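Asker: Residue-level listing of the chains:
Protein chains: 2
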Amino acid sequence: MGLLGAIEAGGTKFVCGIGTKDGKIKERISFPTTTPDETMAQVESFFTGQEIDAIGVGSFGPIDPIKSSPTYGCITTTPKPFWSQYNIVEFMKSKFNVPIGFDTDVNGAALGEHLWGAGQGLDSCIYVTVGTGIGAGAVVNGQMLHGLSHPEMGHIMVRRHPEDSYEGTCPYHADCLEGLAAGPAISHRWGLQGVELGKDHPAWEMEAYYLAQALMNYILILSPQKIIMGGGVMKQEQLFPLIHRELRSLLNGYVQHAAIDSDIEQYIVSPQLGDNAGLCGALALARLALDEV
Amino acid sequence: MGLLGAIEAGGTKFVCGIGTKDGKIKERISFPTTTPDETMAQVESFFTGQEIDAIGVGSFGPIDPIKSSPTYGCITTTPKPFWSQYNIVEFMKSKFNVPIGFDTDVNGAALGEHLWGAGQGLDSCIYVTVGTGIGAGAVVNGQMLHGLSHPEMGHIMVRRHPEDSYEGTCPYHADCLEGLAAGPAISHRWGLQGVELGKDHPAWEMEAYYLAQALMNYILILSPQKIIMGGGVMKQEQLFPLIHRELRSLLNGYVQHAAIDSDIEQYIVSPQLGDNAGLCGALALARLALDEV
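So the sequences go chain by chain: A and B.
When we follow numbering that gives the first Met the number 0, the leftmost residue of the first sequence carries the number 0, and every step to the right adds one.
When we follow numbering that gives the first Met the number 0, the leftmost residue of the second sequence carries the number 0, and every step to the right adds one.
The hints are simulated quantities; they were obtained by calculation from the structure and are not laboratory data.
These figures come from a predicted structure and were not determined experimentally.
Cβ atoms here follow ideal geometry from the backbone N, Cα and C, with glycine treated the same way.
Misleading hints may appear alongside valid ones.
Distance ranges between label pairs, derived from CB positions [claimed, not checked]: (1) B:Glu89 to A:Ser248: 32 to 40 Å; (2) A:Asn96 to B:Ile24: 48 to 56 Å; (3) B:Gly1 to A:Arg158: 45 to 53 Å.
Let the sequences and hints guide you as you build the complete structure.
Answerer: What follows is the structure in structure tokens.
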């Protein structure tokens, strides 16, 4: 059975892997994200000589995932030094003569969960990551969501918690969702890393308030059939029941559906692919690239 | 050329029409929405004897548009007397032996604009109506957006304007978008109907603040290629430049795309089908129902 290559291109580290067409990871390697020259040389070295049919890249963003665009394949306006306007697809094509898939890490993760994880058998799902930043990808009618570009759901505006006076970390919007609820906001606000806060610290109620607001808006705008929440902050499993309760309180009976009324524990869930969600997402992008040839 | 029937089923009035498969309305009639018995008898009488190949119903909501659901075809939890749980598709099928299309009025309008109006040639667009209520429908990858159910974009949470102390009209959420920015909120807040307020009344700055926040969230979550804004409130054309300016200010350069940076007047527009957007939407639903046979 042919194998596929996968690159989870993160702002902090790159994970490269080899896997099967049904989503099983056989081999992986990880290294820090430094400069494009250095990091991509490590990527090249990992895949050189491997017998693979396609490679998928799930990348940090913003990126240009629109195939008809002149800048398709680029990481676009990142503040990360050296990576702005870097075309990762062009590099991969110059080195490997196989189809290259490319999308945001979170669109990839949504597709991976749709194919092999918590979103199997559904028409739609979203994958939300809450970690150093907040991002989300979506599958709608079985396809990854694109339009003008890709979703940037982490930067929506939210209403402030009445007891929160923290100014927010987002360089663009200060107190958008990411600015108030990503990992750095938690640690700056409370003076401790999330992992150092007790499970019953008031930080988690506030965090759930912001994340539930975001989910409310995602539900009212996209109506996904499943919401999958991963990333470092979501390792705090006490957040799930808090989010479930807060979301029901915010919606206040407006969306009447069993998924919310009685089955919310099965509606808003952890990635079924666990810590492989990102790498399997890139594998899913490779499979899609192969299917599209 | 075969003709199609269209029903724009609104909470205040029903509009029925006959049109062509390329979106031209040939004949129309309108009557107030009273009880289902009375109103649907008028619908039946209008279409009886007409030579039509399919009928589309674009309905006020919430509705159940999911074909596999046992309550498909129903208006679900409306507070409007007598209409809750009324199955409009079942009634139409019992009277007319043609395919019946059914969706929200705004999903229909998005499809109509996608086929024949401002969204032609694009993969995606959203249609937002701002009137007695606020609602929006979406076309994604050429198909109307469904998932758990249909979008309910009018009820997203927004951040309050610093000078607004109005409590909001929404019976579920008080001060969600619809509660603060639909027509009734404008008239209750200012003591005058929107049409009675001057073009430079501060009401419009506040209205633009709320609508731009909503569009920011729609863009960050759905990334539509075009935003079409109709409904009674959007007849106040001075709102468009105010919304354009406020949206750019809120996004603050985060989404870098020509549609927003330089062509925003062509990105956020009035319905190209004008006052026919709703009825043409229902016609588009009829065409879709015929295509799906």
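Asker: A separate judgement is required for each hint: does it hold in the structure or not?
Answerer: How the hints compare with the structure:
no.	hint	result
1	B:Glu89 to A:Ser248: 32 to 40 Å	holds (35 Å)
2	A:Asn96 to B:Ile24: 48 to 56 Å	holds (55 Å)
3	B:Gly1 to A:Arg158: 45 to 53 Å	holds (50 Å)
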